[in-house]
Amino acid sequence: MLLVSVMWNRYHIWPSQSTTLTSGAANEPDQPPGGLPMTATLAAPSATDPAPTPVKVKKPRKYNRNEAIAGYLFITPWLIGFLIFTLGAMIYSLVISFSHYQLATNTSRPAGLSNYQALLEDPKVLISLGNTLFYAVLAVPLEIIFALFLASLLNRVGKGAGIFRTLYYLPKMTPAVATASVFFLLLNGNQGAINKGLAVFGIQGPQWLLDPNWVKPSIVLMTLWGVSGTMVIFLAALKNVPRDLYEVAEIDGAGPIRRFWSITLPMISGSLFFNVIVLTIAALQTFDQAYLLFYRDQVQGASDSSLFYAVYLFQQAFRQFNFGFAAAMAWLIFVIIMLISLIQVKVGNRFVYYESER
Amino acid sequence: MKKTKQLLLSATAGLALVALAACSGDSGGGGTTGADFAKDYKGTLSVWGFENADEVGTSRLDYAEGVVGKSDTTVDLDASAFDAQKFTTRAAGGSIPDVVQMDRQFVATYAAQGLIMPLDKCFSLYGVEPDSYWYPQVVDDVTYDDAVYGVPQFYQPPAILLNERVMAAAGVTDADMDTSNPEAFLAAISKMTKLDGSNPSVMGFDPQGVGKAGLWMLSFGGKTIDADGKPALDDPNNAKAIDFLKEIYDAQGGYANAKSFVDSFDVFGDNNSYVADQVGGAVFDQWYVNVLTPYADQVQIGAVPLNTQDGQPFTVASGTSFVIPTAAKNPSAACAYVLALTSTDAWNAAGEARDATTQADESRHGINAGLFTGSPENDQTLRDAYVKTTDYPGFDQAIGTYYDVASSGQSFGSSPAGQQIQTELQNAVTSALLGEKPSADALKDAQAAALRAYDQVAG
Numbered sequence: 001m002l003l004v005s006v007m008w009n010r011y012h013i014w015p016s017q018s019t020t021l022t023s024g025a026a027n028e029p030d031q032p033p034g035g036l037p038m039t040a041t042l043a044a045p046s047a048t049d050p051a052p053t054p055v056k057v058k059k060p061r062k063y064n065r066n067e068a069i070a071g072y073l074f075i076t077p078w079l080i081g082f083l084i085f086t087l088g089a090m091i092y093s094l095v096i097s098f099s100h101y102q103l104a105t106n107t108s109r110p111a112g113l114s115n116y117q118a119l120l121e122d123p124k125v126l127i128s129l130g131n132t133l134f135y136a137v138l139a140v141p142l143e144i145i146f147a148l149f150l151a152s153l154l155n156r157v158g159k160g161a162g163i164f165r166t167l168y169y170l171p172k173m174t175p176a177v178a179t180a181s182v183f184f185l186l187l188n189g190n191q192g193a194i195n196k197g198l199a200v201f202g203i204q205g206p207q208w209l210l211d212p213n214w215v216k217p218s219i220v221l222m223t224l225w226g227v228s229g230t231m232v233i234f235l236a237a238l239k240n241v242p243r244d245l246y247e248v249a250e251i252d253g254a255g256p257i258r259r260f261w262s263i264t265l266p267m268i269s270g271s272l273f274f275n276v277i278v279l280t281i282a283a284l285q286t287f288d289q290a291y292l293l294f295y296r297d298q299v300q301g302a303s304d305s306s307l308f309y310a311v312y313l314f315q316q317a318f319r320q321f322n323f324g325f326a327a328a329m330a331w332l333i334f335v336i337i338m339l340i341s342l343i344q345v346k347v348g349n350r351f352v353y354y355e356s357e358r
Numbered sequence: 001m002k003k004t005k006q007l008l009l010s011a012t013a014g015l016a017l018v019a020l021a022a023c024s025g026d027s028g029g030g031g032t033t034g035a036d037f038a039k040d041y042k043g044t045l046s047v048w049g050f051e052n053a054d055e056v057g058t059s060r061l062d063y064a065e066g067v068v069g070k071s072d073t074t075v076d077l078d079a080s081a082f083d084a085q086k087f088t089t090r091a092a093g094g095s096i097p098d099v100v101q102m103d104r105q106f107v108a109t110y111a112a113q114g115l116i117m118p119l120d121k122c123f124s125l126y127g128v129e130p131d132s133y134w135y136p137q138v139v140d141d142v143t144y145d146d147a148v149y150g151v152p153q154f155y156q157p158p159a160i161l162l163n164e165r166v167m168a169a170a171g172v173t174d175a176d177m178d179t180s181n182p183e184a185f186l187a188a189i190s191k192m193t194k195l196d197g198s199n200p201s202v203m204g205f206d207p208q209g210v211g212k213a214g215l216w217m218l219s220f221g222g223k224t225i226d227a228d229g230k231p232a233l234d235d236p237n238n239a240k241a242i243d244f245l246k247e248i249y250d251a252q253g254g255y256a257n258a259k260s261f262v263d264s265f266d267v268f269g270d271n272n273s274y275v276a277d278q279v280g281g282a283v284f285d286q287w288y289v290n291v292l293t294p295y296a297d298q299v300q301i302g303a304v305p306l307n308t309q310d311g312q313p314f315t316v317a318s319g320t321s322f323v324i325p326t327a328a329k330n331p332s333a334a335c336a337y338v339l340a341l342t343s344t345d346a347w348n349a350a351g352e353a354r355d356a357t358t359q360a361d362e363s364r365h366g367i368n369a370g371l372f373t374g375s376p377e378n379d380q381t382l383r384d385a386y387v388k389t390t391d392y393p394g395f396d397q398a399i400g401t402y403y404d405v406a407s408s409g410q411s412f413g414s415s416p417a418g419q420q421i422q423t424e425l426q427n428a429v430t431s432a433l434l435g436e437k438p439s440a441d442a443l444k445d446a447q448a449a450a451l452r453a454y455d456q457v458a459g
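Chains as they are written, first to last, in the working numbering: chain A, 1 to 358; chain B, 1 to 459.
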């Protein structure tokens with residue numbers, strides 16, 4: 001349960017991160033985007049003050065005590081859920097990572113650093129990490145480009161926009177298992193529709209699911225099909241770009257490409273940045289697609305090239321009952337994801353335009 | 001502001017710790033000493049297994065439920081597939097069933113972790129002698145550290161199921177399909193195979209090289225698990241087996257092309273590979289004969305055993321078993337129940353039920369492929385009673401072959417890292433067949449990984 005919650009916590013991260021990235025940075029640029037006291041900071045006077053004075057006001061504006069209490073009461077259910085199922089679970093998994101733990105009997109004995117040492121000694125950790133990073137580098141840019149492309153198309157549709165939006169969002173609603181089954185057939189090297197289609201143009205398609213070089217591109221293809229969540233965020237951002245900017249630029253003689261680079265892209269950079277971070281995290285945690293295509297039953301071999309980090313983590317935990325090692329793996333990927341996200345934030349802040357900033 | 005933050009932070013930490021304590025507060029239960037089983041029991045018995053049970057399953061379920069029902073015990077059945085994660089979380093939550101059905105190759109792993117009970121006392125209580133009641137190789141599958149941890153059911157021996165129509169068209173006879181004569185065997189495969197570029201449209205022979213990797217290693221005199229339960233994947237004979245498999249696939253367009261072709265088969269459907277003449281022969285467990293019976297008029301099958309390199313018929317034991325978790329609440333009832341499920345009376349009921357459907361269901365063409373119970377005595381009784389000569393000599397011959405080969409079965413051996421050893425072996429075979437690594441290197445890497453897994457569980 002604990003490991004799984006770490007693996008899947010991307011679903012929890014999404015909404016809270018979006019608020020942190022936008023409102024947190026916009027309202028109080030001088031404070032690190034913190035998590036919990038968000039509701040309080042929104043009411044802080046400094047946020048709207050155009051010229052913050054260094055002189056400290058002796059008596060800061062008092063909160064309405066009752067309102068504050070009510071506010072905390074309202075968020076209590078979430079707070080309790082977060083503390084027990086996210087933070088509590090994470091701390092517990094950290095404890096587990098320093099022990100030899102057996103979930104089924106809830107027994108453990110201390111392991112010191114040996115689980116972390118084993119991470120270094122097990123070549124499969126590095127192989128799976130390499131596979132996962134390679135996949136992320138391949139998948140994230142393609143997802144961004146494809147989602148933006150689809151969103152631009154949808155943005156142009158006038159009549160029946162709702163229908164198209166719904167249709168294009170359907171893949172997101174499809175269970176991963178169904179998607180994987182369909183792609184298992186589509187990607188068959190001999191009889192699959194994709195290679196049959198390529199054969200019409202005289203192209204001999206690859207053995208998508210078997211050739212070690214094509215395993216990860218196959219999963220990228222599957223991911224691209226389900227990119228509609230990202231697409232919808234882009235679509236909302238595109239709709240928010242003020243029309244008059246385009247009109248002015250057009251009068252000045254800017255062509256469509258120039259307009260895209262100089263107006264669209266800066267104006268949607270906030271959601272672009274958000275999507276990059278979220279997709280990177282998701283890519284590094286890829287589990288279901290790889291598991292369903294290559295590890296769904298146990299009489300099937302898989303080459304090392306399809307071993308994703310989360311799949312190996314799952315195998316260690318629930319196939320080999322190696323929970324301590326799996327917890328250490330979870331923390332390693334957590335730290336890696338955090339570092340990558342930090343770098344992305346540092347780099348991103350240089351390019352991202354927030355409307356409320358000057 | 002600052003104070004509020006501090007307060008919140010400390011509250012957060014405090015609450016998280018409380019949650020932590022709540023999680024870890026449970027006492028570490030579950031020793032490895034088996035419970036004492038008794039003949040008097042009552043209450044409820046929760047059972048997990050029998051997903052999609054057919055008449056063979058339901059008739060035995062009914063029988064066993066009747067047996068424990070006499071002692072005021074009601075059975076609560078969760079008819080879903082075994083799942084390691086579900087087992088673990090249910091055990092952690094204290095709601096583990098009293099009886100769990102799992103594949104025999106997992107048993108040693110769970111035994112080594114102390115999650116299931118040794119059943120020797122259960123057997124002796126009811127006077128069952130495992131080694132004489134079941135095939136010894138079947139009992140070996142569920143033996144760990146000299147104790148028997150599972151009650152076996154079924155023994156599905158694999159053999160080579162032939163498509164006589166494809167063979168005859170290419171001038172291949174049953175005698176050519178002899179794995180102990182590699183040259184003639186490969187020549188026969190080439191004769192039957194039809195390639196469209198490098199993609200096969202007819203495969204002479206599907207060895208199921210990855211799914212049945214263990215069978216191939218053992219048939220070449222290799223091994224996957226040694227006598228102590230340690231992995232033995234780097235046995236030199238294993239590499240020979242992989243090289244032979246590679247030759248077989250290379251004669252049919254290479255592994256990737258052949259595998260994609262096999263993946264596209266309609267295995268359980270109207271256009272299966274024996275109806276559609278897509279294979280000349282393939283390694284299949286005995287149950288596949290049942291899949292083919294509705295198509296008896298459309299197929300011409302036969303069977304030969306897989307031979308060792310010195311020409312002896314060979315097969316391996318595989319099937320499922322019932323285990324009793326260490327934390328089971330009603331082990332005595334569980335013991336009585338699982339022995340009832342696998343008793344001669346239960347199998348007789350299953351034989352009757354199967355016979356009834358064979359008679360009633362016209363699509364079965366009167367073919368009863370027999371039941372492979374895991375117990376030689378029961379197998380023979382049921383064969384004598386229900387497996388009759390039919391209008392389909394090919395089916396009769398194939399069924400007879402499976403019966404004959406059953407006695408030459410070997411166990412893969414049992415190991416606390418059994419699952420991981422099989423997985424590593426299959427990965428190594430895949431890598432070698434795809435040409436990623438030479439077979440010896442692939443096996444060496446697999447051995448290292450399996451040994452790591454073994455050391456973790458054993459150490």
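Worth flagging that the hints you see were computed from the coordinates, not collected in a lab. Quick reminder that beta carbons are idealized off the backbone N, C-alpha and C, glycines included. Honestly, I wouldn't trust all of these hints.
Claimed, not checked - Label pairs and their computed distance ranges (CB to CB): (1) B:Gly127 - A:Ala193: 58 to 68 Å; (2) B:Lys86 - A:Ile75: 55 to 65 Å; (3) A:Ala68 - B:Lys329: 44 to 54 Å; (4) B:Thr74 - A:Val345: 52 to 62 Å; (5) B:Glu362 - A:Val177: 32 to 42 Å; (6) A:Phe74 - B:Ser95: 31 to 41 Å; (7) A:Gly81 - B:Leu195: 53 to 63 Å; (8) A:Pro175 - B:Lys86: 55 to 65 Å; (9) B:Glu362 - A:Gly81: 34 to 44 Å; (10) B:Gly400 - A:Val177: 19 to 29 Å; (11) B:Asn290 - A:Ile340: 34 to 44 Å; (12) A:Gln191 - B:Ser190: 39 to 49 Å; (13) A:Thr76 - B:Val267: 28 to 38 Å; (14) B:Glu183 - A:Val177: 57 to 67 Å.
As the list claims (entries may be wrong) - Covered, in the sense of this in silico footprint (three residues per stretch, anywhere, with C-beta under 8 Å from a C-beta of chain A), are these stretches of chain B: (15) 182 to 194; (16) 237 to 246; (17) 395 to 403; (18) 451 to 458.
Status of each hint after checking the structure:
1. B:Gly127 - A:Ala193: 58 to 68 Å: holds, 60 Å
2. B:Lys86 - A:Ile75: 55 to 65 Å: At roughly 34 Å between Cβ atoms, isoleucine 75 (chain A) and lysine 86 (chain B) fall outside 55 to 65 Å, so the hint is violated.
3. A:Ala68 - B:Lys329: 44 to 54 Å: Check passed, 50 Å falls within 44 to 54 Å.
4. B:Thr74 - A:Val345: 52 to 62 Å: holds, 59 Å
5. B:Glu362 - A:Val177: 32 to 42 Å: Check passed, 36 Å falls within 32 to 42 Å.
6. A:Phe74 - B:Ser95: 31 to 41 Å: With Cβ atoms ~34 Å apart, the hint holds.
7. A:Gly81 - B:Leu195: 53 to 63 Å: With a Cβ separation near 59 Å, glycine 81 (chain A) and leucine 195 (chain B) satisfy 53 to 63 Å, so the hint holds.
8. A:Pro175 - B:Lys86: 55 to 65 Å: Taking Cβ atoms as reference, proline 175 (chain A) and lysine 86 (chain B) lie about 19 Å apart, which means the hint is violated.
9. B:Glu362 - A:Gly81: 34 to 44 Å: violated, 58 Å
10. B:Gly400 - A:Val177: 19 to 29 Å: Distance hint for glycine 400 (chain B), valine 177 (chain A) is violated at roughly 41 Å.
11. B:Asn290 - A:Ile340: 34 to 44 Å: violated, 53 Å
12. A:Gln191 - B:Ser190: 39 to 49 Å: violated, 22 Å
13. A:Thr76 - B:Val267: 28 to 38 Å: With a Cβ separation near 54 Å, threonine 76 (chain A) and valine 267 (chain B) fall outside 28 to 38 Å, so the hint is violated.
14. B:Glu183 - A:Val177: 57 to 67 Å: violated, 45 Å
15. 182 to 194: violated (count 0)
16. 237 to 246: As far as the region 237 to 246 of chain B goes, the hint is violated, because 0 residues have Cβ atoms under 8 Å from chain A.
17. 395 to 403: This one is violated; 0 residues, fewer than the three required, reach chain A with a Cβ under 8 Å.
18. 451 to 458: Contact hint for the region 451 to 458 of chain B vs chain A: holds, 4 residues under 8 Å.
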